[in-house]
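Chains as they are written, first to last, in the numbering used here: chain A, 835 to 989; chain B, 706 to 908; chain C, 26 to 142.
Hints were generated in silico from the structure; no laboratory data involved.
Quick caveat: nothing in here was measured; it's all calculated off a predicted structure.
Covered by chain A, per the in silico footprint, the following chain B stretches (three or more residues, Cβ under 8 Å):
1. 710 to 721
2. 888 to 895
Listed next, the stretches of chain C that the computed footprint assigns to chain A, with coverage defined by at least 3 CB atoms under 8 Å from CB atoms of chain A:
3. 42 to 55
4. 68 to 76
All C-beta atoms in this analysis are idealised placements derived from N, C-alpha and C, irrespective of residue type, glycine included.
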Amino acid sequence: MSTTVVEPWAEEPLLRYVAQSGARLVVVMTPSGQVLAQHGFARAVDLMAAAALGAAIMAASGALAQQLGERAFGALFHAGQRHGIHLAPCATPRGPLVVLTVFGKETSIGLVELFHEEFAAALHRAAPAEAVRAPVLAADFEADLNRSLTSLFRR
Amino acid sequence: MSLVNFTTREITCKIVYYGPGRSGKTTNLQYVYAHVPDDRRGRMVSLATQTDRTLFFDFLPLDLGTISGFTTKFQLYTVPGQVYYNATRKLVLQGADGIVFVADSQVRQLDENLESLRNLQANVLEQGVDIRGLPMVLQFNKQDLPPELILAPGELDQALNFRGLTAFPADALHGAGVFETLKGVAAEVLRRLSQGDGAVRRI
Amino acid sequence: MSDALQQSLDRLARVRGMRGSMWVAAEDGLTVAQLLMEGVRGKAVAALAASLARKVSGTAGAVGAGTVRFVQMETASGTLLVAPAPPDLLIVALADPQVNIGLARLEMLRAVRAVAR
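Bound-form chain A, shown alone (with noise of 0.2 Å):
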């Protein structure tokens, strides 16, 4: 099963969590969805819709508690037939983050729920603080995006 990381120091934790809680796909992303670290997705695209739609979960029951003058609902767990999603918040230096966990019968939702909290509090501490801002592209990038949007349109 792949992993991969954006960001390093949110490795080793993954690869714990996933060892502990025998989980088939695990996504750490912001909560605008943006994925920081991920385990078991073979197509990095299928990933980044997983994310798009967990990061809404999570701000949508995140507004509907605001509504209902609550504090932001913890975990939010979806037993399916083959699947169950747990879906649940994180918070670290880095900002908050939230862990979309998917798995099968093979495991269950006391284990996931159990080291998920291990696993937000290893990432809690594993994570630094905001990094610095810094020129990330050259400044003759548009002749690049040019040749690559061309290529994506065919044109």
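Following the hints, position chains B and C against chain A.
Relative to the frame of chain A, chains B and C by itself:
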């Protein structure tokens, strides 16, 4: 906020198509989806009502390829246009790196365009972001309709384009202007990254 | 039903050396009812005991040993006891090493029968 992975040299940016109801935001994404190769796009996710109006958002992940040595991915979102869906619009706007404002060129829709622009500004401000600092382009959609029903790009520019943004006339249903718009907003967002003054998550 | 579950835990708590007991949803590993001493991590015990029961049942099935009625795990610092209460529940007990296992087992199987009725 763009996500930049310096280890694997990957950039992911979030683009939101904003605008009044029925201005053609979803149509833009559908056209892009139908005209890029399978291996460069993900599944298009549409959270819509039974009558196919956007309820929450549409989502389309795109792989732009390599730019300045970075594998660059764009996540395209639309917001629901109807006034009463403002709560969900705000959620979708969170963390946007760039905005495409899709205006409806019809004369009778001018007020809706203005209201939606004002709403965009208020929602962005609520997140503590000054809209003047956010990469954004305009699209004047439905320019294919009979001239007596629509405003010309110059007139729409006068009415809506207070900031002198790049604007693209379009007919999203048939694809005219769709790619130009996407290219325009991509350039704005990436220009921000090349200047290093954007909110960038960096490793 | 919840009264019956709680009463069975009360009876189990009277067994000397018992640190805690709980009814657990067998498939989910979540606690249904519990009576625990301070410091016992109920959530962890529930999740792990359900996982253990599932694995033991799988093993018993694989070797043709039939349905599992009771699981006893002794460690240096305590004993974990699990009895399935089909179709959905498990009764789980956590005890000191010197607990009277026979008595605890009797109470747990009695509880399983009571819940089945």
